[in-house]
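Student: The residues making up each chain are set out below.
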Amino acid sequence: MNIKLNSIMTAMAATLVIFTGSVDDVMARGGRGGGSVQGGGGSFSRGGAAASGSFSSSAGRGSSGGSRSAASSRSQAAQTASTNRSQTAQSASANRSATAQTASTNRAATQQSRQSTSTANQAQRQQYSSQNVEERQEGYTARTGTRQQGSTDRTQTRQQTAQQYHGAYPPPAGYRPPAGGYYPPPPSGYYNNNSSDWDDGEVAAVAVGSAAIGAVAGYAAGQSNSSQSTSSAPASTTTVVYSTPPPSSSGGLPCTPNTSVVKGVTYYQCGTSWYTQAYGSDGVMYMPVPAPY
Amino acid sequence: MTKKLQIRTRNALCVAVLATLAGCAENQAVTQPQTLAPQAAIPQPAEAKDILLRMAGYLAKIPKFTVAVSDNYDTLQESGQKIEFGEKRKIRLSRPNGLRVEIEESHGEKHLFLYDGKDMTVFNPSQNVYAQTAKAGGLDEAIVYLLKDLHMRLPLAALLLSRFPAEIESRTRSLDYVEKTSIHGVPCHHLAGRTDTMDYQVWIQEGAQPLPLRVVLTYKLAEGQPQFRAQFSDWNLAPVVSDAEFAFTPPEGSRKIAFAAQLSSIIPAGKETPEQTGGKQ
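Line order of the protein sequences matches chains A and B. Its first residue numbered 100, the first sequence is counted upward by one per residue in this note's numbering. Its first residue numbered 151, the second sequence is counted upward by one per residue in this note's numbering.
Source of the hints: derived by calculation from the structure; they are not laboratory data. In this text, all values refer to a predicted model and were calculated from it rather than measured experimentally.
Not the full set, but computed from the structure, chain A residues with beta-carbon under 8 Å of chain B:
(1) Ala148
(2) Phe154
(3) Val388
We put the beta carbon where it would ideally sit given N, CA and C, even for glycine.
Using the sequences and the hints, build the whole thing.
Tutor: Laid out in structure tokens, this is it:
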């Protein structure tokens, strides 16, 4: 009888040990894989091909750099937004550094896979094309040729840009762009002016240098509405530097910035890096800019 | 005696189980012919095209409307995990020059987009900042400019264009009629189309008002093949609208900032004195 009881107790103990081990495993897995639990929802990227909700997409065309790479650059922007909500300056700095490394790694991987992706896409397009009528094939071939030409041009541009800036996008904190220069756009998304696919850009694909003439004229960035009555006056060259943090919306930056208003534009300085707010596809964000003086 | 009883009980159980299984098989045999029964004639692709273009043409010609859109979309994370986000939008459109879109993202962030025929404005109430740029030419030009040049986000923007029929027709490589179905009790046609870069499904209301009720976009060439899904509701094709709804009046204390895409032309080049950059303002 005692032997039977002992056997039952031993079996129960073994079962408990097995269950305990399983729970530990689950928690450990959750701890590793579920970084989001600790990191909070703000660490997830909100961008990507589907976020655009467009009837066309540049993703996967070989020249877009791939959505994963795009997600990397978006992650930084999202991170800036998330720090706006909760992160301290120290953790933001650490995260940015990590993200920059990830972006660099991803871009390298993307560059390696771009050729194969392009080949795969080409094959896929050919398959679609063969299913269509001859008339459509002719049009499609013409478009493919145009895309390939565009792709080559863009690849060259990207290579030149990469050579110019040497590094991940966005560059890590402390990196200062060349005089008069801006950080290159993320390697995602491109906009073919000759194409009907005007809406094929991925979210957060911020391109620089496509501003419309005339946009400057009405610009009064950084000026409060209450002071707009003076905006018609000649712009002052006086630089006002605040040593205290701005009243709000400074949390997205990697530090508590000094705020300067130069010619009506509000600049935020963190060390040697300067930022200003801008509206992009991800919403309001801080963009790295050259020092205003 | 007890053993005999046990054996009988076991046999009875076996018989019961077998009978049950046989019953299941019989039921299947009964339901099977139902699924094989001839169905109503499925419209052919030509009809699908007619339905699609009728919807697009109808939408493009509505002089003004309001509609609520609830959408969600997949985002592929660095980890490879797909995460869904969403937003709700209230759209007020008045051709040829008025568009107002109130957006609330799933984490509560709000945006307001306005176009009044002269200026395009995006306003963020939580930060009390806005970006604005002049754009004449009407809705079609403004929407294309917003996406193509300003690189801003306006999901399903093509549906708002007066040239939407041409846009959807030129992009569609194949189109199929999936089924006749209903959404929230509203009978509709379910179509599936393919373009070079994405596949789409659209559910179009049957009858005299062929409005889109649901759209699903699959970005088949993007990693992870993420989807965008939108549900339309509260269509109002005769709303009372005023021009003031499309014009932006900066709230007290608001600040104007740049569109990110326009930053390079607005922020002075680096390493210059303020005097040197004065001409750029």
